[in-house]
Structure formats: structure tokens, C-alpha cells
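K.L.:
Given next are the chains, with one letter for each unit.
2 protein chains.
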Amino acid sequence: MAVYQATASAPVNIACIKYWGKRDTKLILPTNSSLSVTLDQDHLRSTTTSRADPSFTKDRLWLNGTEDEIKAGGRLATCISEMKRMRKEYEDQNPNEPKLSDFYVHICSRNNFPTAAGLASSASGFAALVSSLAALYKLPASPSKLSLIARQGSGSACRSLFGGFVAWEQGTSPDGSDSFAVEVAPREHWPDIHALICVVSDDKKGTSSTSGMQRTVETSALLQHRIKHVVPERMRAISEAIKARDFDAFARITMQDSNQFHAVALDTEPPIFYMNDVSRAIIALVVEYNRVSVEAGGKLKAAYTYDAGPNAVIYAPKENLREIVEMIVKYFPQADPFKDPFGLFGAAGVTEGGVIPGFNTAVAKQFEVGAVKNLIHTRVGDGPRVLGAEEALLGAEGFPKSIS
Amino acid sequence: MAVYQATASAPVNIACIKYWGKRDTKLILPTNSSLSVTLDQDHLRSTTTSRADPSFTKDRLWLNGTEDEIKAGGRLATCISEMKRMRKEYEDQNPNEPKLSDFYVHICSRNNFPTAAGLASSASGFAALVSSLAALYKLPASPSKLSLIARQGSGSACRSLFGGFVAWEQGTSPDGSDSFAVEVAPREHWPDIHALICVVSDDKKGTSSTSGMQRTVETSALLQHRIKHVVPERMRAISEAIKARDFDAFARITMQDSNQFHAVALDTEPPIFYMNDVSRAIIALVVEYNRVSVEAGGKLKAAYTYDAGPNAVIYAPKENLREIVEMIVKYFPQADPFKDPFGLFGAAGVTEGGVIPGFNTAVAKQFEVGAVKNLIHTRVGDGPRVLGAEEALLGAEGFPKSIS
Numbered sequence: 001m002a003v004y005q006a007t008a009s010a011p012v013n014i015a016c017i018k019y020w021g022k023r024d025t026k027l028i029l030p031t032n033s034s035l036s037v038t039l040d041q042d043h044l045r046s047t048t049t050s051r052a053d054p055s056f057t058k059d060r061l062w063l064n065g066t067e068d069e070i071k072a073g074g075r076l077a078t079c080i081s082e083m084k085r086m087r088k089e090y091e092d093q094n095p096n097e098p099k100l101s102d103f104y105v106h107i108c109s110r111n112n113f114p115t116a117a118g119l120a121s122s123a124s125g126f127a128a129l130v131s132s133l134a135a136l137y138k139l140p141a142s143p144s145k146l147s148l149i150a151r152q153g154s155g156s157a158c159r160s161l162f163g164g165f166v167a168w169e170q171g172t173s174p175d176g177s178d179s180f181a182v183e184v185a186p187r188e189h190w191p192d193i194h195a196l197i198c199v200v201s202d203d204k205k206g207t208s209s210t211s212g213m214q215r216t217v218e219t220s221a222l223l224q225h226r227i228k229h230v231v232p233e234r235m236r237a238i239s240e241a242i243k244a245r246d247f248d249a250f251a252r253i254t255m256q257d258s259n260q261f262h263a264v265a266l267d268t269e270p271p272i273f274y275m276n277d278v279s280r281a282i283i284a285l286v287v288e289y290n291r292v293s294v295e296a297g298g299k300l301k302a303a304y305t306y307d308a309g310p311n312a313v314i315y316a317p318k319e320n321l322r323e324i325v326e327m328i329v330k331y332f333p334q335a336d337p338f339k340d341p342f343g344l345f346g347a348a349g350v351t352e353g354g355v356i357p358g359f360n361t362a363v364a365k366q367f368e369v370g371a372v373k374n375l376i377h378t379r380v381g382d383g384p385r386v387l388g389a390e391e392a393l394l395g396a397e398g399f400p401k402s403i404s
Numbered sequence: 001m002a003v004y005q006a007t008a009s010a011p012v013n014i015a016c017i018k019y020w021g022k023r024d025t026k027l028i029l030p031t032n033s034s035l036s037v038t039l040d041q042d043h044l045r046s047t048t049t050s051r052a053d054p055s056f057t058k059d060r061l062w063l064n065g066t067e068d069e070i071k072a073g074g075r076l077a078t079c080i081s082e083m084k085r086m087r088k089e090y091e092d093q094n095p096n097e098p099k100l101s102d103f104y105v106h107i108c109s110r111n112n113f114p115t116a117a118g119l120a121s122s123a124s125g126f127a128a129l130v131s132s133l134a135a136l137y138k139l140p141a142s143p144s145k146l147s148l149i150a151r152q153g154s155g156s157a158c159r160s161l162f163g164g165f166v167a168w169e170q171g172t173s174p175d176g177s178d179s180f181a182v183e184v185a186p187r188e189h190w191p192d193i194h195a196l197i198c199v200v201s202d203d204k205k206g207t208s209s210t211s212g213m214q215r216t217v218e219t220s221a222l223l224q225h226r227i228k229h230v231v232p233e234r235m236r237a238i239s240e241a242i243k244a245r246d247f248d249a250f251a252r253i254t255m256q257d258s259n260q261f262h263a264v265a266l267d268t269e270p271p272i273f274y275m276n277d278v279s280r281a282i283i284a285l286v287v288e289y290n291r292v293s294v295e296a297g298g299k300l301k302a303a304y305t306y307d308a309g310p311n312a313v314i315y316a317p318k319e320n321l322r323e324i325v326e327m328i329v330k331y332f333p334q335a336d337p338f339k340d341p342f343g344l345f346g347a348a349g350v351t352e353g354g355v356i357p358g359f360n361t362a363v364a365k366q367f368e369v370g371a372v373k374n375l376i377h378t379r380v381g382d383g384p385r386v387l388g389a390e391e392a393l394l395g396a397e398g399f400p401k402s403i404s
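These protein sequence lines are chains D and U, in that order.
Residue numbering for the first sequence follows UniProt numbering, beginning at 1 and increasing consecutively.
Residue numbering for the second sequence follows UniProt numbering, beginning at 1 and increasing consecutively.
Errors might be hidden in some of the hints.
One copy or two, either will do: identical chains are not told apart, so a pair holds if it fits within one copy or between any two.
[Claimed, not checked] List time: in silico DSS-like cross-link candidates among lysine-lysine, alpha-carbon distance up to 30 Å: (1) Lys-26 with Lys-138; (2) Lys-228 with Lys-22; (3) Lys-365 with Lys-330; (4) Lys-138 with Lys-71.
Because the hints were derived from the structure by calculation, they are not lab data.
If we strip away everything but chain D, and leave its shape as in the complex, we get:
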């Protein structure tokens, strides 16, 4: 008997122009366009196996070893039913294809990074879900078309349907048909963009993005100005910077927009804070690192950006990563040795860290071990990949191979 199964992986993306605010909460239509860098799946990815089988009695999904309820009308159910609808269209046009759209599916998904890291995994997760179902269903859909479905799972998931540099065009249509992701430039255009993720310890769970952004929409006097007047110009300018591989402009806009996103969160009632004192200290270090360069007649060498949490992502040309890791390690001593995937430090590894000449070390204090729990060095990456059967997460019977 035929087995209908496919496995795909999808990357994480970190926005440079932030998505914050929905104009339609059910369809997940944003109040402004956004733009992100896709990170390398070799370091951070979600992998998903989907299988359709007439023996299944309902749609089921396991995430990181635990079964998730697929609530009727919820985001998971919406994505699955939308993919089945597209399969049905495909079957209607190709009558010889098996009627998979009539079968229930089993879906198994895993992230290769700890959930505890506080890295938004819904983007890579929904992108992998949609990609695996698209492979299972043999859909001829483009990434932009698939991004329409992923968007309804988690807004920023739509941007994980592409590698490289990706815009999510907000669109204007009430049905969301023009609110999808497009590639601004592939990773090959500017492979030199590396990223250092500083996983910051947090005492408490902050506000969820979903509820937080709607409170901002309802109460911030500044958000509307951002939406109408600031973001459109920044989208244009950062796209140009990417096309021109102009890191200085890219970095400036990225930092401005991270700051402004957190500013409108603060302008919310009651205010929303995602950054903590550690986040602020990392900003101070990057600002000082750039200041030294600019005062010597150079350009910006690094850009910080923060999503809805305290973790910093530092973007920089590869050649600066060694200095940046040294700087972060000096102020945030690490419990575990720095995993050095690009071999910046040789066999000895990074030890106590240090700063570049001319750096004012008083811009931040040295924190205790654990303030930054972990450092992940990665780079701009590719889009979703369809994987071979050997990487499937479902066993012969269509259930998770191992539950951990």
C-alpha cells in the first residue's frame, strides 16, 4: 500500500523592520509591512513530517514529542484545511492523483533549538508545516502563495517561506489575498551577513505578542504615526540597502526600527517591556562598538535587534564576528564554551573576551555568569527544504518515531 508522506524543514527569521499590530486578527493581516533576514537552518530549524492515510481517524499533530490539540477554527486547523483545499483543487485538475484531500493527516514537528531559548519558533514551525504539506500534496504553489497560508498560522511565519532577505507586504485587500512574503534578495546575494544570537535570561514571562500588539493598536498614540509615516519609508530604504549590500544603512535602519518597536510597546497602556537590563547593556556595547568605528572615519560594524523578548540578535558582516563575540563574552561570561561553528577562534576557543582599542569599557558593567545564557553564531540562510525519507519523524505506522 502506498505511503503518502513528506518531510520538510524551515528556517527561523528575525525581522529588521518589525511587524507589530494586526488590522485583521483572524486572517492575521498586519498594520504595516515588515522585512526579515532568514537564518541558517544548519543552526536553527523546524523539521516537520506530514502523512495522509485513509486509516487515520482524525488530524493529529505532535510538537517536540507532545501531542497538540488541533482546535476547530484555530490557527493549526486553518492552515491544515487551507492546504487540503489547495490539494483538492490540484486533484480536480489532475483526476489521476490519489484523493489525499479526503484523508486525515498526522503531523510531527521538532525544533533543533531549545524552546527555553526564547526564540520564536512559531515562524519556523508553521513554515515547516506548510512546506511539508505542500510536498505531501505535490502542490505547484510558489513560496509566496504558500506564505499566504503560513501567515494564518503565525504572521511572521510567512517570511520563513524564503531564504535570504524577505519582505512581508502588508497588502490592502480585506481577504488577505495580497498580504504575502516576497524575496528581496536571496542569501547568495549577500552571504556575508552573519548573526550572533544572545540568549538572555528572563525572570518572568512577558506579554504574549498576540495580545500585546493588539493592546498597542488600541492604546498607543504613536503607533499610527509609525504605521503611516515611518515604516513605508524604512521598507524602501532597507530594501535598497540590501540590494546595494550597504551594511551601514542596513544596520542603522535595523537598530532604529528595533528601538521604535519597543518604543510603541512602551507607549501602550499598560506599557509593555520586552527588554531588560541585560538587553540594554548589549545595546550599549553595540552602540559603543560602532562609535569607535565611526569616530575613526569608518562605518557601522554591527546592528542589534530585539523581538518581543529580551534576546539580542546582532547582525554584522562576518569579518566583525570575532570582535563581537569577544566583546559579548567579556561582559557576559559564559558557563559553557562558545560553540564556534565558523572556526573564528581556533582550537583554544574564546577565553575571557575583550574589546577593540578605543572602546570605553565603562558603558556597561560586567554581568554574572548566566545573564546571557548562550550564544548562537549563525548567518543568513536558505528557505524551506524538502528532506529525504531518512529524516522522517513519523514511523512506519504514521506515529512519532520517538517521544522524548
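Fit chain U to the known structure of chain D by using the hints.
P.N.:
Chain U in isolation, oriented as in the chain D frame:
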């Protein structure tokens, strides 16, 4: 020989609608109007003695026991020369008065609160300076007229020329002649407004207000929107709330405006942070304290506000202060016993603190002793006072009585 000497004290004020941004940095003309509550001089004040004498060889000023240089063209020199100019006008109209405007002055000033507290003392300081010179020179000038001079020493000093609730009208004239303070309501109109100042420990010196606000003017995309569209409406609404003694509206606007001031600081390049994790925790406590009241059908019971530093000022009707002190002490254990100027706690004093029923204690963690260094309980207060000779800070020879 006649002694020409006068002593005055002036209060601190804490803004509810924040002043942030100058349209003229020399004349200190603001980009938006602001509004503050004057705090009680019985708890926080600057006292200044000024003396004019033909034997003096130059203008001199001692602040908290240390001589300050009066730089030519600087803010101190501007205030002193403006006051001399007004004295000269008075002498021209009253030819029998001594020609004090020809004499040099000695000025001695003290704050009754520690500079290390991080409370802006320039407002009370310049207000006391101007008030003592006005008394020395017997000027018939109104507080609004004197506020034009104090403003040129430190913008927010102009608001310390009145007690109670004070607006600083930004004005439109390029010469600053219509940028002065006016009384919205005297303390007697709403004496029930109390304040708890939480002096928050800070690891490092932040950005000075003077340089910070101009960076915001130059780089924040959101500040202009705030200036043009948000502040005018808030000034109107909070003035109404004060006139109506509507604490709920007063509190809401005060918290919104504190948040928005810090939001535009964050929207600055590079970003400016004044609040730290302790400040954020105090906000979370006040938000939760209000939530419990509102969910029970009540109104807002407290309002936080933060100036350009991490210290919180909590405004509340007097009846809530006991609960508020208990709440703060629970999360921020104090090294020293709470000074209880209004006798909220009786002989036993406040011990471990506590929260009101229904309060979600998980909104903040308990901090270590010292995170909030000190609590100052005060209330709305009166304007500058002319003091008797027994309170003079200058001795018989016109020099500071004691240098500590």
C-alpha cells in the same frame, strides 16, 4: 552699614506631562507645554541666600558647600544678570533705592535632600536662586514673570515658582517672552494628592537631560507626532482633571505621558534608557494595584511617573498611601526603617509589607535590599518662601556659614 541680603526656599516639582525637547537651547524654549505637581518643601527643598555688597569683587556661588564657577554666558550668569537687569529697572523707577544692581552678589545654596538621591535639584535650585534675588532686589515681579528667568537656568525650574499644580506654557514667541509657568490650581484646591518617591539604585550615570532631549529632537521620528498631536490634548485633559479633582483621569494621563516620554527617548538614536529593571517592576506593581481596583468596579488608585532617571514617583490620594508603601516595601525590602512623616503606621512602623487582597504577587519578583534605596513620602506643596534672617546661609562677612 546696611546689609542687603535675602533668603528663600523653593520646592521640587515632578512633571505629569513631560518636558522633552527644546526649540531654542539658549533661551530654553520647549517644544511642548508641560505640567507638574509641586512637592512639599517640608520634605524636599532648595534654600538660597543672596547678598549684594559693594565690597564683593565678583559674583560667586556656593552650592552644597562647594563653590561653583559662574561661567560667562552660562545659565547661572544669565539668571543673575537678568535679575540685575530687573533690579536696574526698579532702581530707575525708584531713585531712592540703593543701587544694588551695581554690586556683585554672593549666593549660597543648599538642598535638604542628598544629591546622590538622583532627584533633579536644578528645578528647586534655580527657583530658589531667582526667589532669593527677587527678595534681595525687592522686585514686584509676579511668579510667572520670575519663571521667565528661572526657565533660562533650567527649563523645569520655571514650574517651581508656584505651588500646587503648574503648567509651563510653551509659548510661540522667538524671544521666549510667552514661555512661562502659570498656576493651574493651588495646593489648597487638591491637598489630598500625596507622593511616594522610590529612590532607585542605578549602576551608571545615564544620559544628561540636556544632551538627551536634543538627540531626541534630532533623531526621533515619533517626537514630532507627540509634540503636535498628543501633548496639546493631554494638557487640556489633565488640567480639567485637576480642576475636577478627578484622580482617575489624572492618573491615567500621568502614566500615559511618562510612558510616552520614555518611548520617545527609546526612539532616539542611539536609544536613551532611563528606567531599569527595578523601575519596570515598580510599574508592574502599580499596574496590578490599579487592576485589582478597576476589576472590582473601582477606579485607578495610584499613578507612577519617571523623569530622566530610574526613580519612581507614585502619586495617589492620601488614603491609598499606606497600601502603596506596604506594597513597595514587600517587593523592595528597606535597609532603614520607613520615615513616616504622616504617621501612617503608628509606633510599630511598616515591617514586611504586603499587598491588597486579589493582588497577583507574581507580577514582580522580590528584590534584594538596596534595589530601592530609600522611600520619601511627601505631598503637593506650596511655592517659594521668603525666609527669615535666622535661616540665612551666608555669615556676617557674606561667606558661607559652614563648608561641609
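K.L.:
Taking the hints in turn, state whether each one holds.
P.N.:
Evaluated hints:
1. Lys-26 with Lys-138: within (27 Å within a copy, 70 Å between copies)
2. Lys-228 with Lys-22: both (14 Å within a copy, 26 Å between copies)
3. Lys-365 with Lys-330: For Lys-365 and Lys-330, the Cα distance is within 30 Å both inside one copy (10 Å) and across copies (28 Å).
4. Lys-138 with Lys-71: Only inside one copy: Lys-138 and Lys-71 sit 26 Å apart there, 79 Å across copies, limit 30 Å.
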